[in-house]
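Spelled out, the chains give:
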Amino acid sequence: MNAKIEVRETRLSLLIEETLIMKDAGYRLVQIGCTSLAAGSVEHANTLELFYSYDKNYDLVNLKVLIGKNAEIPSISGIYPAAYLYENEIHDLFGVFIKGMSLDFKGNLYKTAIPCPLNPDFQQKMRYIIAGFERE
Amino acid sequence: MGFFKMAGTAFTNLFRKPATLMYPVRPAKRFPNSRGTLTIEFEKCILCGICQKKCPSYAIEVDKTEKTWKIDRIRCISCGSCTDWCPKKCLHLDNPYTAPVTSEFKDTTREQHTGA
Amino acid sequence: MIKQTIIPFGPQHPVLPEPLQLDLVLEDEKVVQAIPSIGYVHRGLETLVTRQEYQEFVYVAERICGICSFIHGMGYCQAVEEIMKVEVPARGVFLRTIWAELSRIHSHLLWLGLAADAFGFENLFMQAWRIRETILDIFEETTGGRVIFSVCKVGGARKDIQPDTLVRIGQTLEKMKKDVKSIEKVFLKDNSVRHRLAGIGILTNEEAHSLGAVGPVMRASGIKVDTRMLGYAAYPDAEFEIITETAGDCYARCAVRIHEIYQSIDIIRQLIPKTPDGPVDVKVIGAPQGESYMRLEQPRGEVLYYIKANGTRLLDRFRVRTPTFANIPPLVKMLKGCDFADVPNIILTIDPCISCTER
Chain C
1 MNAKIEVRET RLSLLIEETL IMKDAGYRLV QIGCTSLAAG SVEHANTLEL
51 FYSYDKNYDL VNLKVLIGKN AEIPSISGIY PAAYLYENEI HDLFGVFIKG
101 MSLDFKGNLY KTAIPCPLNP DFQQKMRYII AGFERE
Chain S
1 MGFFKMAGTA FTNLFRKPAT LMYPVRPAKR FPNSRGTLTI EFEKCILCGI
51 CQKKCPSYAI EVDKTEKTWK IDRIRCISCG SCTDWCPKKC LHLDNPYTAP
101 VTSEFKDTTR EQHTGA
Chain W
1 MIKQTIIPFG PQHPVLPEPL QLDLVLEDEK VVQAIPSIGY VHRGLETLVT
51 RQEYQEFVYV AERICGICSF IHGMGYCQAV EEIMKVEVPA RGVFLRTIWA
101 ELSRIHSHLL WLGLAADAFG FENLFMQAWR IRETILDIFE ETTGGRVIFS
151 VCKVGGARKD IQPDTLVRIG QTLEKMKKDV KSIEKVFLKD NSVRHRLAGI
201 GILTNEEAHS LGAVGPVMRA SGIKVDTRML GYAAYPDAEF EIITETAGDC
251 YARCAVRIHE IYQSIDIIRQ LIPKTPDGPV DVKVIGAPQG ESYMRLEQPR
301 GEVLYYIKAN GTRLLDRFRV RTPTFANIPP LVKMLKGCDF ADVPNIILTI
351 DPCISCTER
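If you read the protein sequences in the order shown, they are chains C, S and W.
First residue of the first sequence: 1, per the numbering used here; consecutive thereafter.
First residue of the second sequence: 1, per the numbering used here; consecutive thereafter.
First residue of the third sequence: 1, per the numbering used here; consecutive thereafter.
Chain C extracted, bound-state conformation:
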């Protein structure tokens, strides 16, 4: 069977629009992930890349969004109700601020010894808890 894998780049301002198009076309949300691009090249320091994966009839479509240091991402849990778990995980591991999640753990999903371990340029303090604990 020939299953297609498609990768598309998009912008943060068009994120909600594209998600609504996917939902109307009948796609199922597979996952939301995040990568840090700092190790790749110098001009990508402080950049993170979010990717949203959707599936329909064995075809995989990926939307990629590049975000900077203090970006605010709108949550898609109003459209796909299951997205709150992935967004909480990204907030805990990378320090990305996502507003409007349907169930917000406020940083308590994973308790790690250092905050936001997967983000090498994390310098801001976490907004809610562990006040006074900064990474060196």
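The set of hints was computed from the structure by calculation and includes no laboratory data.
No incorrect hints appear here.
Each computed DSS-like pair below joins lysine-lysine, with the alpha-carbon atoms no more than 30 angstroms apart:
id, chain 1, residue 1, chain 2, residue 2
1, S, 64, W, 283
2, S, 89, S, 64
3, W, 283, S, 54
If you're wondering where the values come from, they're calculated on a predicted model, not measured in any experiment.
Once you've looked at the hints, dock chains S and W against the given chain C.
Chains S and W in isolation, oriented as in the chain C frame:
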């Protein structure tokens, strides 16, 4: 819809041998392929250090100047990665499993070979 | 206005194999809302990719979970092989598929035992695990380990199986079918077991689609999707159909898993005569560059591997989205409106593997 569907199996179970072994009184069931302890033929070792680089749990230490080969038995996971990569084929994974020890003394859990 | 009480379920509970916490809001023995909370076994395995070379990382990827360990290793190896454009020899591909299907049988038998233990039927639990011992003996004979095999590597398999051993595996599985039939009779036809399972924890077709359920949970609600139809590994050489049920309750999920055991035995018996001769691995040199998405079918559902490589021997990013992570929102939906005494049963029917969920 039925009743007493388990009765047949439960009855024949009375006459079967137990499915468990009285370990450690009886020895454990091992096959020829089973992975157990790591042993080294130290005369063939050339101290190249490849096994130290390929060990996923950092259990082996090779010192070329002092001519020693050390292994930490608690860290070894018996994966066999060092056995595949050794150029002189002097490492082997033997069948019997490492016997349990009751205290963590350095000479029971860390092994060292010197000389060559 | 009925008074509400909040009772925490977990993280330690005798029925759960791994720690998972659910805060249940109750009104007079009926559950009104459930709030999930995970994070008790988080080991941070995804960060180890930046410290271990890509060939040794297979041993870490295998140890994400104890029950579905082989398929994690196989998925990682397939994703790296796709980036490096390595062609695994046919015998290696067939052997990997046979081990993966045996892994699926042992995982479903383990689940049947745990489900029987959840509603108190200890004798059935022991019988299911006794049948599972024949599969673990096959594993130890061919790979050297019962739980963690360490037999998959980038470029193929590390051990070979002799042809007469393969024939003997086929005969052992055929004899095992009789034992599985005797416990299937109890699960699907016994009156008291049916009373505990039927009509509990219903998930409708639309809810399963909008909440993103995967695996037997999705197939028991009528959605006909199986990731093995993508055609990876040796699956194009075997003929099999997707098993679905329509009821969407605990009984349907149990029936789907039991029929999948028979289907896996059938797939292995189809593949054994077709296994070609030849080498099982190919030497791999160099370092990967690029990214790849790979999807496989684990016993619990669809798993996605994303690997990003930058040309050195250390990978950049390794992301696993495991099936239980996707099945937690449907679980929260299933728990609304059920009786308090049915909560352990419903949690076990999604087959929770929490150490996979939180790597």
